[in-house]
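Numbered per numbering that gives the first Met the number 0, the sequence shown finishes at 112, counting up by one with no gaps.
Derived from the structure by calculation, the hints contain no laboratory data. For each residue, glycine too, the CB sits at the ideal point set by N, CA and C. Errors might be hidden in some of the hints.
What the hints assert, rightly or not - Listed below are the simulated SDA-like cross-link pairs for lysine to any residue, each with C-alpha atoms no more than 20 angstroms apart in a straight line:
hint : residue 1 : residue 2
1    : LYS102    : ASP10
2    : LYS102    : TYR18
3    : LYS102    : TYR92
4    : LYS102    : THR41
5    : LYS102    : GLU34
6    : LYS102    : THR55
7    : LYS102    : PHE20
8    : LYS102    : ASP22
9    : LYS102    : SER66
10   : LYS102    : ILE28
11   : LYS102    : ARG36
12   : LYS102    : PRO74
13   : LYS102    : ARG9
14   : LYS102    : GLU80
15   : LYS102    : LEU15
16   : LYS102    : HIS21
17   : LYS102    : ASP7
18   : LYS102    : ILE8
What the hints assert, rightly or not - Pairwise CB distance ranges (calculated):
hint : residue 1 : residue 2 : range
19   : ALA105    : ALA83     : 31 to 37 angstroms
20   : ALA65     : ARG36     : 29 to 35 angstroms
21   : ALA65     : ARG37     : 31 to 37 angstroms
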Amino acid sequence: MSRPYSMDIRDVIDELRRYVFHDLAERAIARAGTELRREHATDVQAEALWLRAALTVTDRSPDRNASSAAYPFDPGNSPREEIAHLRAVASAYRLTSPTDGRKLLADAAAGPR
């Protein structure tokens, strides 16, 4: 029963990739490695932060001619691994705030570091 939900989540992620800045994953990984809590692995925190930021995007329209932003987070190789991964991401997501997402977007909108 869980597999269809994980597929729905991945479909939403694929759609969100069209709206966010192309270096958002890179910035989320860097931020998770230095600023976020240690309850989860850096890549899990980064994925949660990417999702938080992507879900706050409201004023951008997707560029139909541009490629989707990178999403380098590995959900696992089997449904069992993917569900475990998504549960970890959900737990890490609850540790982020909308402010975290907006800050990451603002940093990305400001341009290269």
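Cross-check of the supplied hints:
The suggested pairing of LYS102 with ASP10 is violated, with an alpha-carbon distance near 25 angstroms, which exceeds 20 angstroms. Under the criterion of a C-alpha separation no larger than 20 angstroms, the hint pairing LYS102 with TYR18 is consistent with the structure, at around 16 angstroms. About 15 angstroms separates the Cα atoms of LYS102 and TYR92, which keeps this hinted pair within 20 angstroms; it holds. The suggested pairing of LYS102 with THR41 holds, with an alpha-carbon distance near 18 angstroms, which does not exceed 20 angstroms.
Among the hinted pairs, LYS102 with GLU34 is consistent with the structure: their alpha-carbon atoms are about 12 angstroms apart, no more than 20 angstroms. For the hint linking LYS102 to THR55, the alpha-carbon distance of about 10 angstroms falls within 20 angstroms, and the restraint holds. For a cut-off of 20 angstroms, the pair hint linking LYS102 to PHE20 stands: about 13 angstroms separates their Cα positions. The hinted pair formed by LYS102 and ASP22 meets the criterion: a straight-line CA distance of about 14 angstroms does not exceed 20 angstroms.
Note on LYS102 and SER66: the hinted pairing is violated, with a Cα-Cα distance of about 24 angstroms set against a maximum of 20 angstroms. For a cut-off of 20 angstroms, the pair hint linking LYS102 to ILE28 stands: about 14 angstroms separates their Cα positions. Distance check on the hinted pair: LYS102 and ARG36 sit about 16 angstroms apart at the alpha-carbon level, within 20 angstroms; holds. The suggested pairing of LYS102 with PRO74 is violated, with an alpha-carbon distance near 25 angstroms, which exceeds 20 angstroms.
As the CA atoms of LYS102 and ARG9 are separated by approximately 24 angstroms, the hinted pair breaks the 20 angstroms bound. For the suggested pair LYS102 and GLU80, the alpha carbons sit about 31 angstroms apart, so the restraint of at most 20 angstroms is broken. Straight-line distance between C-alpha atoms of LYS102 and LEU15 comes to about 17 angstroms, which keeps the hinted pair within the 20 angstroms bound. With a C-alpha separation of about 16 angstroms, the suggested pair LYS102 and HIS21 falls inside the 20 angstroms cut-off, and the hint holds.
For the proposed pair LYS102 and ASP7, the alpha carbon gap of about 27 angstroms is over 20 angstroms, so the pair is violated. Our distance criterion of 20 angstroms between C-alpha atoms is broken by LYS102 and ILE8, whose separation comes to about 23 angstroms. At about 32 angstroms, the CB distance of ALA105 to ALA83 agrees with the hint of 31 to 37 angstroms. Distance hint for ALA65 and ARG36: a CB-CB separation of about 33 angstroms, consistent with the stated range 29 to 35 angstroms.
Between ALA65 and ARG37 the Cβ separation comes to about 35 angstroms, which falls inside the hinted range of 31 to 37 angstroms.
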